[in-house]
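Asks: The residues making up each chain are set out below.
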Amino acid sequence: MYSQFAVELKGVTKRYNEIVAVNNLNLTLSTGEIFGLLGPNGSGKSTTLKMLIGLVQPTAGSVNVLGLDVQKQPVEVKRLVGYVPESPNIYEFLTGIEYLDFIADVYGVPPAEKKQRITEYLKAMQLEGREGDMINSYSDGMKKKISLISAFIHKPKLLILDEPLNALDPRSARIVKDFLHELKGQGVTTIMSTHVLEIAEAICDRIGIMYQGQLLALGNMEELRKTASLPGSGLEDIFLRLTGTEDLRAVVEELMK
Amino acid sequence: MNWKNVLFLVRVERKSGRLIRGIKATRYRENGFLAYWPYWTAAIIGVLSALLANYIVSLVYSQAAVPNLPSLGHATLSVFVILPTIVVVFSLVFTLLQQIQLSGVKASTQVMYWLPITWQEHTFASIIANLLGFPLAVVVGLAAGVVTFSIPNGLILQGLLTALALFAAAFLASAATESLRILQVRFIGAVYKSSGRAAIWVRFVGSILFFIFFYVLYFYVTSGFQSFLQNLNHVQSTIWYVPFVWLAIALSYIFNGLFLQGGLFISLSALFIAGLYYLAVWLNTEFGLYEPPAITVQKSGIYTPKTGLLGKLGFSSVEAAIIRKDFRAFTRRRELISVFIVPIIIIIIPLLESQGVISGATTGQTSLTLVGTIFLLPAAAMAMLLGEIMIGEEGQAVWRIYASPISAKNLVKSKYFFVTLFSTIILLVAGIVGIAFYHPSLRETIVAFIEGFFIIFPIGAISLYIGFRGADFSETRRARMVRQEWTLVSFFAAAIAGAAILAPLVPYVIASLIPSSIPGLAGNSFYLAISVFSSGVISLIITAVFYQINISSAREFLRKAEV
Chain A
59 MYSQFAVELK
69 GVTKRYNEIV
79 AVNNLNLTLS
89 TGEIFGLLGP
99 NGSGKSTTLK
109 MLIGLVQPTA
119 GSVNVLGLDV
129 QKQPVEVKRL
139 VGYVPESPNI
149 YEFLTGIEYL
159 DFIADVYGVP
169 PAEKKQRITE
179 YLKAMQLEGR
189 EGDMINSYSD
199 GMKKKISLIS
209 AFIHKPKLLI
219 LDEPLNALDP
229 RSARIVKDFL
239 HELKGQGVTT
249 IMSTHVLEIA
259 EAICDRIGIM
269 YQGQLLALGN
279 MEELRKTASL
289 PGSGLEDIFL
299 RLTGTEDLRA
309 VVEELMK
Chain B
2 MNWKNVLFLV
12 RVERKSGRLI
22 RGIKATRYRE
32 NGFLAYWPYW
42 TAAIIGVLSA
52 LLANYIVSLV
62 YSQAAVPNLP
72 SLGHATLSVF
82 VILPTIVVVF
92 SLVFTLLQQI
102 QLSGVKASTQ
112 VMYWLPITWQ
122 EHTFASIIAN
132 LLGFPLAVVV
142 GLAAGVVTFS
152 IPNGLILQGL
162 LTALALFAAA
172 FLASAATESL
182 RILQVRFIGA
192 VYKSSGRAAI
202 WVRFVGSILF
212 FIFFYVLYFY
222 VTSGFQSFLQ
232 NLNHVQSTIW
242 YVPFVWLAIA
252 LSYIFNGLFL
262 QGGLFISLSA
272 LFIAGLYYLA
282 VWLNTEFGLY
292 EPPAITVQKS
302 GIYTPKTGLL
312 GKLGFSSVEA
322 AIIRKDFRAF
332 TRRRELISVF
342 IVPIIIIIIP
352 LLESQGVISG
362 ATTGQTSLTL
372 VGTIFLLPAA
382 AMAMLLGEIM
392 IGEEGQAVWR
402 IYASPISAKN
412 LVKSKYFFVT
422 LFSTIILLVA
432 GIVGIAFYHP
442 SLRETIVAFI
452 EGFFIIFPIG
462 AISLYIGFRG
472 ADFSETRRAR
482 MVRQEWTLVS
492 FFAAAIAGAA
502 ILAPLVPYVI
512 ASLIPSSIPG
522 LAGNSFYLAI
532 SVFSSGVISL
542 IITAVFYQIN
552 ISSAREFLRK
562 AEV
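If you read the protein sequences in the order shown, they are chains A and B. For the working numbering, count along the first sequence from 1 and bump the result up by 58. For the working numbering, count along the second sequence from 1 and bump the result up by 1.
Just chain A, with the same shape it has in the complex (with noise of 0.2 angstroms):
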């Protein structure tokens, strides 16, 4: 049923109207992989994110994930897919369990597994004894980890997250971290997108910088050092000058006057 790699973009191309949020996108993930989207604001990692899933159409191209085209198989796609968007727009009139209840329940997992996972992952983000009140009443990090949970949940085999340690208390941002390493063991594959470049060094196999909707560069810690000709540089120094960016002396000077 899956072909060898896990996601597979061919030249895709977004659109909005004159603006282009994702221009002629090649890029291919292998099972088991964890992959970092970088890039400033206004990039297209979001919107790259979202056409995995199918919450955006692309103008051009074609998705594969896990050998399914997310155009043509939209409910078997989503059914190996957990994602977590970058604002969790979540239904706040439930509770946080009914929340997950229904998720659990969307995805189709078994009554009995679905007791034993959501008891688990409460425990684990440290949201027990909050998990009856009305989501609208919970701060940012605690939607998030409801947010992650609801990913997590059905045992996707590919994970896709915006942002996904945004707001999250230390603790339970390692817990995701090390969660994510466990699942690369077990063949989860994971793309996420975050800005912190700290977290993208540490556990990304590869990382993607994207740029005004285009990759810059794409390949291991070694192989971005190549590319912007930076030997042993961290992923900052990288960062900043595949985007162009690194000049910020200048900028600081002006906002000083």
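One or more hints might be untrue.
Unchecked claim - Derived CB-CB ranges, DEER-like:
| no. | chain 1 | residue 1 | chain 2 | residue 2 | range |
| --- | --- | --- | --- | --- | --- |
| 1 | A | Ser291 | B | Gly312 | 55 to 65 angstroms |
| 2 | B | Phe188 | A | Gln115 | 23 to 33 angstroms |
| 3 | B | Ser553 | A | Gly243 | 39 to 49 angstroms |
| 4 | A | Ala225 | B | Gln100 | 53 to 63 angstroms |
| 5 | A | Thr177 | B | Ser535 | 52 to 62 angstroms |
| 6 | B | Lys561 | A | Ala170 | 34 to 44 angstroms |
| 7 | A | Ser120 | B | Gln100 | 45 to 55 angstroms |
| 8 | B | Thr286 | A | Ser145 | 24 to 34 angstroms |
| 9 | B | Thr286 | A | Pro168 | 51 to 61 angstroms |
| 10 | B | Thr286 | A | Gln115 | 46 to 56 angstroms |
| 11 | A | Arg73 | B | Ile550 | 55 to 65 angstroms |
| 12 | B | Trp283 | A | Gln270 | 27 to 37 angstroms |
| 13 | A | Pro168 | B | Ala199 | 28 to 38 angstroms |
Claimed, not checked - Residues of chain B clear of chain A, computed beta-carbon distances all greater than 10 angstroms:
| no. | residue |
| --- | --- |
| 14 | Ile46 |
| 15 | Ser50 |
| 16 | Ser79 |
| 17 | Gln99 |
| 18 | Leu133 |
| 19 | Pro244 |
| 20 | Gly315 |
| 21 | Ile350 |
| 22 | Ala398 |
| 23 | Ile407 |
| 24 | Thr446 |
| 25 | Ile497 |
| 26 | Leu559 |
These are calculated hints, taken from the structure and not from any lab test. Note that the structure is a prediction, hence the values are computed from the model and not measured. Note that CB positions come from ideal geometry on N, CA and C, so glycine has one too.
Got chain A sorted already, so can you dock chain B onto it with the hints?
Replies: Just chain B now, with coordinates in the frame of chain A:
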């Protein structure tokens, strides 16, 4: 007070919904003329109505034969003096209703809390913002009409003074609403805190009762509107101690040349308006940032998955999950609870009329039409109102539907079941009320129930289609759920479908009401059975066709998902 800040805040309130709704969210540009169209249109209607009224009045007064006519100036001024009180009542009802229907989303209004804006500026802007839209358009239309009518009749100063009083009356009403709004939030918070896990049901029942109270009040005022208007002049002078009529009393004195008394009541009105404004400022300062406590629905640590009745009824886990989620939405979201109000009002108003509580049809006798109305209208209204908002009610969380493995069939089946279930409940409740109050015969009861079901299913299917076509997911400042033009389409489509389904019964009903009209048909069981059967066939065809159309629409809806 920094008036620039006030203007900025009013502009934000006015634009907040429009920006989010716009299809072209990028590079948004506003056409100034179109943005203010309700007010221009109201002003034009006001001017044209005044010109027409002036023409008619001139014709009447040119007929020397019409006896006992008061002088035109006197008649005009006696109308002018009651207008401020009418505007106060009208603005109070509408601004309060608008406040009740606001969604819980506060994203757009929270910004002002961390900007350097004072509570005085915020409150002033909020009072004006309460009036934006329909309430202000009506005042603009009335003021334009008053001024236009006063010019050819030589009453320009009186007309201008009345127009000013109308705006002051609207501001007064809105200031009162602002205070009530803050108190309502504080009161609801206190209720939640004290009612614990029952808060969800306290809110549900409380909201419905609150709505019903205001609607019945509104119908009470409007059903007796003619006598209300005729007596208002007299009423105003007898209740002079009620500050809400002081503006009108001031006008009355001034128009009669009693300038000292007029000046006194103008001063009192100004003091009252200022008092209301400062009361609202104080309440905002005290409770403006008040957050109602969290509602705990379940105790912690007792989670047990439910297999539920829905699974036994043949629904898949996906469909059952959507139905359960929607049930919770409609019992917990304030803006959705209001959908239950209209059918309840449709049941209550004829009852109040028949019991003589409000004026209208006062005959208590059982009538076939009345029975038909109470059985069919509330259920049909429920099917129409629910169906058209079932998709849009997902709001900004609609991405969850798009991103989940939900097929078009799952979506339509669950949403359609929800619509027909609640419409059936309303049909049963309305039927029981109808039987209790109007005592229809057994035959009438059975036919009314059967026709009720025949109406619910097709109207539910049609309105769900409207829900797909006209879905509006914006939530700020008010959750719209369906675009207004599609609400109209839904209404006409439901009316046409209802007429088509009931058409086979029309001859029988006419013959029952007027036996001589179609001899031999009244009480003819065979003809009645044929009519009901034909009605059922029409209902089935419409339902089946629209159910299939809905599946295609859902497929398209899920395919074109864009968030």
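Asks: Of the numbered hints stated previously, which ones are contradicted by the structure, given in increasing order?
Replies: Failing hints, ascending: 2, 4, 11, 12, 22, 23 and 26.
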